[in-house]
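Chemist: Each step along the sequence shown adds one to the number in numbering that gives the first Met the number 0, with nothing skipped, and position 107 is 106.
These are calculated hints, taken from the structure and not from any lab test.
Any given hint could turn out to be false.
Here are the simulated lysine to any residue pairs, SDA-like style, with alpha carbons at most 25 angstroms apart [unchecked claim]:
#1 Lys3 x Gly138
#2 Lys3 x Gly160
#3 Lys54 x His31
#4 Lys54 x Ala15
#5 Lys54 x Arg17
#6 Lys3 x Gln38
#7 Lys54 x Leu126
#8 Lys3 x Val163
#9 Lys54 x Asp84
#10 Lys3 x Arg17
#11 Lys54 x Val163
#12 Lys3 x Ala15
#13 Lys3 x Pro101
#14 Lys3 x Val164
#15 Lys54 x Val164
#16 Lys54 x Asp150
#17 Lys54 x Arg115
#18 Lys54 x Arg76
#19 Lys54 x Arg81
#20 Lys54 x Asp88
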Amino acid sequence: MAHKVLDFVHRVAAHAIRSGDVAIDATAGNGHDTARLAQAVGSAGHVWAFDIQAKALRNTARRLGDLGLGERVTLVRETHARMVDYVPDGVRVAAFNLGYLPGGSRDLITRPGSTRHALTAAADLLLPGGLLIVVIYAGHPGGAAEKEAVDYWLDERVGSGWGVVRFGFSGKRGAPPEAVIVRRR
């Protein structure tokens, strides 16, 4: 199920991004989303990728190097909540793939407080028509609290210059992943 959600958000991001755009991967992880964003922005664009884990940034750098995309990306070892300290205004897409690093410690997870701050920071950096893309995994320890925090953040914005679309699977057991697409008007 996670792959279907990720395939969907990758298509949405690729459709929204134009060559030369700036994008953010707020959770670099193993570099899959970073690479997709780097391909979409083209050689004239740029991606800023954040992660607090050195292992995640090494994995991302390796993936980007293998694909010849390293020049298009700045890797930042910092909480995504501080992205405004690094990224200039004018972002087309900011992507968040919440939870933990696949293959890493499940004790190191994104947290509700920093995620709320990061969503606000990313929203402030977006161009009109820009997108926040958030993939939420509520099924791991801490995931439900983070989903609740994201939902609260979204509730504050609905109808105030933001459009929100959710994509998920109903009728599935457990807590399947969910994608939220937020568009700045």
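Chemist: Does each hint fit the structure? Answer for all of them.
Modeler: To see whether the hints hold, each was checked on the structure:
1. Distance restraint check for Lys3 and Gly138: the Cα-Cα separation of roughly 16 angstroms lies within the 25 angstroms cut-off, and the hinted pair is therefore satisfied.
2. Distance restraint check for Lys3 and Gly160: the Cα-Cα separation of roughly 29 angstroms exceeds the 25 angstroms cut-off, and the hinted pair is therefore not satisfied.
3. The straight-line distance between the Cα atoms of Lys54 and His31 is roughly 14 angstroms, inside the 25 angstroms bound, and the hint therefore holds.
4. Distance hint between Lys54 and Ala15 is unfulfilled; the C-alpha atoms sit about 30 angstroms from each other, more than 25 angstroms.
5. With a CA separation close to 30 angstroms, the supplied pair Lys54 and Arg17 exceeds the 25 angstroms bound.
6. The hinted pair formed by Lys3 and Gln38 meets the criterion: a straight-line CA distance of about 20 angstroms does not exceed 25 angstroms.
7. The straight-line distance between the Cα atoms of Lys54 and Leu126 is roughly 31 angstroms, outside the 25 angstroms bound, and the hint therefore fails.
8. For the proposed pair Lys3 and Val163, the alpha carbon gap of about 19 angstroms is at most 25 angstroms, so the pair holds.
9. Proximity of Lys54 to Asp84 is assessed by CA-CA distance (about 22 angstroms); at most 25 angstroms being required, the pair is judged to hold.
10. The suggested pairing of Lys3 with Arg17 holds, with an alpha-carbon distance near 23 angstroms, which does not exceed 25 angstroms.
11. Taken as a hint, the Lys54 and Val163 pair is broken in the structure, with Cα atoms around 33 angstroms apart against an allowance of 25 angstroms.
12. Note on Lys3 and Ala15: the hinted pairing holds, with a Cα-Cα distance of about 19 angstroms set against a maximum of 25 angstroms.
13. About 17 angstroms separates the Cα atoms of Lys3 and Pro101, which keeps this hinted pair within 25 angstroms; it holds.
14. Between Lys3 and Val164, the direct Cα distance comes to roughly 16 angstroms. Compliance with the 25 angstroms bound is thereby established for this hinted pair.
15. In summary, the hint linking Lys54 to Val164 is not supported, as the alpha carbons are separated by about 32 angstroms, beyond the 25 angstroms threshold.
16. Restraint check for Lys54 and Asp150: not satisfied, since their Cα atoms lie roughly 29 angstroms apart, outside the 25 angstroms limit.
17. Pair hint Lys54 plus Arg115 holds up; C-alpha atoms about 24 angstroms apart against a cutoff of 25 angstroms.
18. Taking the CA atoms of Lys54 and Arg76, the gap is near 10 angstroms; set against the 25 angstroms cutoff, the hint holds.
19. For the hint linking Lys54 to Arg81, the alpha-carbon distance of about 19 angstroms falls within 25 angstroms, and the restraint holds.
20. With a CA separation close to 28 angstroms, the supplied pair Lys54 and Asp88 exceeds the 25 angstroms bound.
Violated hints for the displayed structure, listed by number in ascending order: 2, 4, 5, 7, 11, 15, 16, 20.
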